[in-house]
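There are 2 protein chains.
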Amino acid sequence: MDIEQGCYVVIFTNQLGADREGYDAMAARMIELSAEQEGFLGVKSVRDGLEGITVSYWESEAAIANWKANAEHAAAREKGRERWYMEYQLQVCKVERSYGFG
Amino acid sequence: MDIEQGCYVVIFTNQLGADREGYDAMAARMIELSAEQEGFLGVKSVRDGLEGITVSYWESEAAIANWKANAEHAAAREKGRERWYMEYQLQVCKVERSYGFG
Numbered sequence: 034m035d036i037e038q039g040c041y042v043v044i045f046t047n048q049l050g051a052d053r054e055g056y057d058a059m060a061a062r063m064i065e066l067s068a069e070q071e072g073f074l075g076v077k078s079v080r081d082g083l084e085g086i087t088v089s090y091w092e093s094e095a096a097i098a099n100w101k102a103n104a105e106h107a108a109a110r111e112k113g114r115e116r117w118y119m120e121y122q123l124q125v126c127k128v129e130r131s132y133g134f135g
Numbered sequence: 034m035d036i037e038q039g040c041y042v043v044i045f046t047n048q049l050g051a052d053r054e055g056y057d058a059m060a061a062r063m064i065e066l067s068a069e070q071e072g073f074l075g076v077k078s079v080r081d082g083l084e085g086i087t088v089s090y091w092e093s094e095a096a097i098a099n100w101k102a103n104a105e106h107a108a109a110r111e112k113g114r115e116r117w118y119m120e121y122q123l124q125v126c127k128v129e130r131s132y133g134f135g
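Those protein sequence lines, which keep their order, are chains A and B. Residue numbering for the first sequence follows our numbering, starting at 34 and increasing by one per position. Residue numbering for the second sequence follows our numbering, starting at 34 and increasing by one per position.
Derived from the structure by calculation, the hints contain no laboratory data. Just to be clear, a hint being listed does not mean it is correct.
One copy or two, either will do: identical chains are not told apart, so a pair holds if it fits within one copy or between any two.
[As the list claims (entries may be wrong)] In silico BS3-like pairs for lysine-lysine, Cα to Cα no more than 27 angstroms straight-line:
1. Lys127 x Lys101
2. Lys101 x Lys112
3. Lys77 x Lys112
Just chain A, same shape as in the assembly (with noise of 0.2 angstroms):
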């Protein structure tokens, strides 16, 4: 993944309610399928219990709206709303520098 100035990420945080009946196989799916998006970048996600924070990149706004338009992935965020997440948080940001160890 080699995410530099002027990419876009998506910050996800979130935490999920006491109802948690398919929402592993969800979420890996859409994992999945957002690899399969034109203008993707990399994904990394993270769950401790409750917990959750998932950052994706992307090359350009266009990419995470097209995404987000997505049919599949429409229908999860609303089942997500109705079912799982007690709060989620969304930011979508613009990479101003990027740099790493090791």
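Starting from the structure of chain A, add chain B where the hints point.
Relative to chain A, chain B alone:
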């Protein structure tokens, strides 16, 4: 935490190595210390075993630079590279839009 367009966020994704002694105490201390800094807006951190993601939100790039220059933080980063982290990536990003549910 009120995150709006124009705020900045630091995304820190990391993988720990085998030596974890002292890591959890350092990580907790850095969360605490970051929250005392000028321009700090909030932080979320999730770890699942070796994989971690921390996102911290800031009023400005200057606030991020000040936090980076904090001596205790700099010492922790150095120890992190020497001892705890197998690898990490860091992005400084500007928030374009933010919304939530719940």
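Against the structure, the hints come out as follows:
1. Taking identical chains as interchangeable, the C-alpha atoms of lysine 127 and lysine 101 lie at most 27 angstroms apart whether they share a chain (17 angstroms) or sit on different chains (20 angstroms).
2. Proximity of lysine 101 to lysine 112 under the C-alpha cut-off of 27 angstroms is restricted to the intra-copy arrangement: shortest distance 14 angstroms within a copy versus 40 angstroms between copies.
3. For the homomeric pair lysine 77 and lysine 112, the shortest alpha-carbon distances inside one copy (22 angstroms) and between copies (24 angstroms) are both at most 27 angstroms.
Hint compliance for this structure: no hint is broken.
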